[in-house]
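Put together the whole structure using the sequences plus the hints.
Protein chains: 2
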Amino acid sequence: MLGIIAGGGDLPRAVAQAARDGGRAVFVVCLTGSVTEDWAADFPHAWCGIGEPGRVVKALSGAGAADVLLAGKVDRPKFSELKLDARGVLLLPKVIAAARQGDDALLRFLAGFFRDAGFRPVGVAQAAPGLVCGEGPVGRLQPDENHRRDIARAFAIVKALGALDVGQAAAVCEGLALAVEAAEGTDAMIARIGTLREALRGTAQKKRGVLVKALKPTQDALTDMPVVGVSTVRGAAAVHLAGIAVQAGGALILDRAGVAAEADRLGLFVTGVALGG
Amino acid sequence: MLGIIAGGGDLPRAVAQAARDGGRAVFVVCLTGSVTEDWAADFPHAWCGIGEPGRVVKALSGAGAADVLLAGKVDRPKFSELKLDARGVLLLPKVIAAARQGDDALLRFLAGFFRDAGFRPVGVAQAAPGLVCGEGPVGRLQPDENHRRDIARAFAIVKALGALDVGQAAAVCEGLALAVEAAEGTDAMIARIGTLREALRGTAQKKRGVLVKALKPTQDALTDMPVVGVSTVRGAAAVHLAGIAVQAGGALILDRAGVAAEADRLGLFVTGVALGG
Chain A
1 MLGIIAGGGD LPRAVAQAAR DGGRAVFVVC LTGSVTEDWA ADFPHAWCGI
51 GEPGRVVKAL SGAGAADVLL AGKVDRPKFS ELKLDARGVL LLPKVIAAAR
101 QGDDALLRFL AGFFRDAGFR PVGVAQAAPG LVCGEGPVGR LQPDENHRRD
151 IARAFAIVKA LGALDVGQAA AVCEGLALAV EAAEGTDAMI ARIGTLREAL
201 RGTAQKKRGV LVKALKPTQD ALTDMPVVGV STVRGAAAVH LAGIAVQAGG
251 ALILDRAGVA AEADRLGLFV TGVALGG
Chain B
1001 MLGIIAGGGD LPRAVAQAAR DGGRAVFVVC LTGSVTEDWA ADFPHAWCGI
1051 GEPGRVVKAL SGAGAADVLL AGKVDRPKFS ELKLDARGVL LLPKVIAAAR
1101 QGDDALLRFL AGFFRDAGFR PVGVAQAAPG LVCGEGPVGR LQPDENHRRD
1151 IARAFAIVKA LGALDVGQAA AVCEGLALAV EAAEGTDAMI ARIGTLREAL
1201 RGTAQKKRGV LVKALKPTQD ALTDMPVVGV STVRGAAAVH LAGIAVQAGG
1251 ALILDRAGVA AEADRLGLFV TGVALGG
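Going line by line, the protein sequences match chains A and B.
Residues in the first sequence are numbered from 1 upward in steps of one, following my numbering.
Residues in the second sequence are numbered from 1001 upward in steps of one, following my numbering.
Simulated from the structure, these hints should not be mistaken for lab results.
Quick caveat, the model's predicted, so the values are computed rather than measured.
Glycine included, every Cβ here is placed at the ideal spot set by N, Cα and C.
Careful, some of the hints might be misleading.
To be verified - DSSO-like mimics (lysine-lysine), calculated; alpha carbons at most 30 Å apart, straight line: (1) Lys159(A) x Lys1073(B); (2) Lys1159(B) x Lys1094(B); (3) Lys1058(B) x Lys73(A); (4) Lys1159(B) x Lys1206(B); (5) Lys1083(B) x Lys94(A); (6) Lys94(A) x Lys58(A); (7) Lys1159(B) x Lys159(A); (8) Lys159(A) x Lys73(A); (9) Lys159(A) x Lys94(A); (10) Lys1206(B) x Lys83(A); (11) Lys1083(B) x Lys1058(B); (12) Lys1159(B) x Lys73(A); (13) Lys206(A) x Lys1094(B); (14) Lys1094(B) x Lys1058(B); (15) Lys1083(B) x Lys1073(B); (16) Lys206(A) x Lys1159(B); (17) Lys206(A) x Lys159(A); (18) Lys1094(B) x Lys1083(B); (19) Lys83(A) x Lys73(A); (20) Lys1073(B) x Lys1094(B); (21) Lys1073(B) x Lys1159(B); (22) Lys1058(B) x Lys206(A).
Stated by the list, open to error - Residues from chain B that keep clear of chain A, each with C-beta distances beyond 12 Å, as calculated: (23) Met1001; (24) Ser1080; (25) Gly1112; (26) Phe1113; (27) Gly1134; (28) Arg1153; (29) Gly1162; (30) Ala1257.
Here is the structure:
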């Protein structure tokens, strides 16, 4: 039995479906406030608050989950508004200390907590390997020589930022770093490319520049991989980027057929690139 | 005689005034399209296009300038709209190649061009040393222990980004990287902090987070240093940051008395921090 602790976004559902399609029994713990749709109605599930680790452990144990996977976005709550169970009260100071060191430190701390509680923490690549992007184009189009240069530069930027636990995405156009992701998230980062002067970026007449997403060097297999979905392709097309490249083996494609079709329709490439190291 | 090739923003005027106040004769070449105010009317000056290096050299020689300083923002023009003189035509392919490698490479190329034309390229720190920020607070307030931690993390981020010629600024709040500067510039970077969820940043009730600006490791003394002015203080206050830290000896404060007064009035610290290396 795979227990999925689900935050927001499309990833938890995609993982749950892929794991079930692969023949595994799945139990979902939906985090209140983070999960905004009732997709888990389709699975055995429970709702718990982020300040209720005691209830989460009880729900997972009751369901017979051996493996536990954390997936999806979780807002850093205002601690003043947090509902805490007994275990949450004990855990809170350590959570705050871990959160201060960044998202990855927080996720590592939580994985350790579930390990200590008798579960085996697993990552998406283990639970749903079909979601991981391999090498090569996802749709029909491929990057040209200029795009490849921009992709290499953008990967260098993302790796430098990722080593400092800042972000997972960057956009580069003919050598110029258009945008770099921090707390605003990839969608907001992509959208602001449209506010840059036209000389710096692509236009409706001519697509220019690439978006890159890659695993942070500090990330291990348990933490969320960067994700590309249909909405990422639409966002990149809206600001006239020429394409999207992700680290092969280090990023997830949600709805691969849909991503390929939308990329072809909008005239963008989406591709997996093997990175040394 | 100091020749100042002036782009946009407040820096060129501040340098011209500081140099003149220091007893130097100054001649200003205003770049058409980049200089939007007629402040240079107060100095001996000429107007030239960015595609007219021949005219720029002639104006500087005619004025008897020995030293040449490049200051201010210059938009990357659409090459299709560029007015070129004979020397500009010869130079253009090299300029494009340099610009591909980033702003610093472009500035180094231009400095080399003026050196070859018989001038001595100088930086702001040389021409107007009074503008360079030293160590310690500019206004009344000082960072506390938490701020100092955020400042150290933000400097680490800026240095990593700077090594890749991405940007000069970052904002961090209690360990979380709120925003990182790329092509949008510091003002736009600061402004978007206000769009982040309140749990991540400061509010009207409680200021949180720091803005940091530092020299890129790839920058030499000739290229523009990061600048903090009254408008930077206002922008940081508008998104409820607790303060601004710059690299001592590696950033400029424009209108130091005005920056100190505005920081005190709005309740922010502005400080110069010595960085090792």
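Status of each hint after checking the structure:
1. At most 30 Å may separate the alpha-carbon atoms for a hinted pair to count; Lys159(A) and Lys1073(B) meet this at roughly 29 Å.
2. Between the alpha carbons of Lys1159(B) and Lys1094(B) the distance comes to roughly 28 Å, so the proposed pair stays at or under 30 Å and holds.
3. In summary, the hint linking Lys1058(B) to Lys73(A) is not supported, as the alpha carbons are separated by about 60 Å, beyond the 30 Å threshold.
4. Taking the CA atoms of Lys1159(B) and Lys1206(B), the gap is near 28 Å; set against the 30 Å cutoff, the hint holds.
5. Distance restraint check for Lys1083(B) and Lys94(A): the Cα-Cα separation of roughly 62 Å exceeds the 30 Å cut-off, and the hinted pair is therefore not satisfied.
6. Distance check on the hinted pair: Lys94(A) and Lys58(A) sit about 21 Å apart at the alpha-carbon level, within 30 Å; holds.
7. In summary, the hint linking Lys1159(B) to Lys159(A) is supported, as the alpha carbons are separated by about 14 Å, within the 30 Å threshold.
8. Between Lys159(A) and Lys73(A) the CA atoms are separated by roughly 21 Å; this keeps the pair inside 30 Å, and the hint holds.
9. A hinted pair counts as satisfied when its Cα atoms are at most 30 Å apart, and Lys159(A) with Lys94(A) qualifies at roughly 28 Å.
10. Simply put, Lys1206(B) and Lys83(A) have alpha-carbon atoms about 23 Å apart, close enough for the 30 Å limit, and the pair holds.
11. Of the pairs offered as hints, the one joining Lys1083(B) and Lys1058(B) holds, with about 17 Å between alpha carbons and a cut-off of 30 Å not exceeded.
12. Annotation: proposed proximity of Lys1159(B) to Lys73(A) holds, straight-line Cα distance about 29 Å (limit 30 Å).
13. Proximity of Lys206(A) to Lys1094(B) is assessed by CA-CA distance (about 24 Å); at most 30 Å being required, the pair is judged to hold.
14. Of the supplied pair hints, the one linking Lys1094(B) and Lys1058(B) holds, its CA atoms being roughly 21 Å apart against a limit of 30 Å.
15. Our distance criterion of 30 Å between C-alpha atoms is met by Lys1083(B) and Lys1073(B), whose separation comes to about 19 Å.
16. Under the criterion of a C-alpha separation no larger than 30 Å, the hint pairing Lys206(A) with Lys1159(B) is inconsistent with the structure, at around 34 Å.
17. A hinted pair counts as satisfied when its Cα atoms are at most 30 Å apart, and Lys206(A) with Lys159(A) qualifies at roughly 28 Å.
18. Of the pairs offered as hints, the one joining Lys1094(B) and Lys1083(B) holds, with about 16 Å between alpha carbons and a cut-off of 30 Å not exceeded.
19. Restraint check for Lys83(A) and Lys73(A): the C-alpha separation of about 19 Å stays at or below 30 Å, so the hint holds.
20. As the CA atoms of Lys1073(B) and Lys1094(B) are separated by approximately 20 Å, the hinted pair is consistent with the 30 Å bound.
21. For the proposed pair Lys1073(B) and Lys1159(B), the alpha carbon gap of about 21 Å is at most 30 Å, so the pair holds.
22. Annotation: proposed proximity of Lys1058(B) to Lys206(A) is violated, straight-line Cα distance about 38 Å (limit 30 Å).
23. In this structure Met1001(B) is separated from chain A by more than 12 Å, as the shortest Cβ-Cβ distance comes to about 34 Å.
24. Not every CB of chain A lies more than 12 Å from the CB of Ser1080(B), the least distance being 10 Å, so the non-interface label is violated.
25. The Cβ of Gly1112(B) sits about 19 Å from the closest Cβ of chain A, beyond the 12 Å cut-off, so the non-interface label holds.
26. Under the 12 Å C-beta cut-off, the non-interface status given to Phe1113(B) relative to chain A holds; the minimum distance is some 20 Å.
27. Non-interface call for Gly1134(B) relative to chain A: holds, since the shortest CB-CB distance, roughly 27 Å, exceeds 12 Å.
28. Its beta-carbon lying about 8 Å from the closest one in chain A, Arg1153(B) breaks the requirement of being farther than 12 Å from that chain.
29. Against chain A, the non-interface label of Gly1162(B) is violated: not every CB pair exceeds 12 Å, the least being about 10 Å.
30. Listed as outside the interface, Ala1257(B) is consistent with that label: its C-beta sits roughly 33 Å from the nearest C-beta of chain A, beyond the 12 Å cut-off.
Going through the hint list in order, the structure does not satisfy hints 3, 5, 16, 22, 24, 28 and 29.
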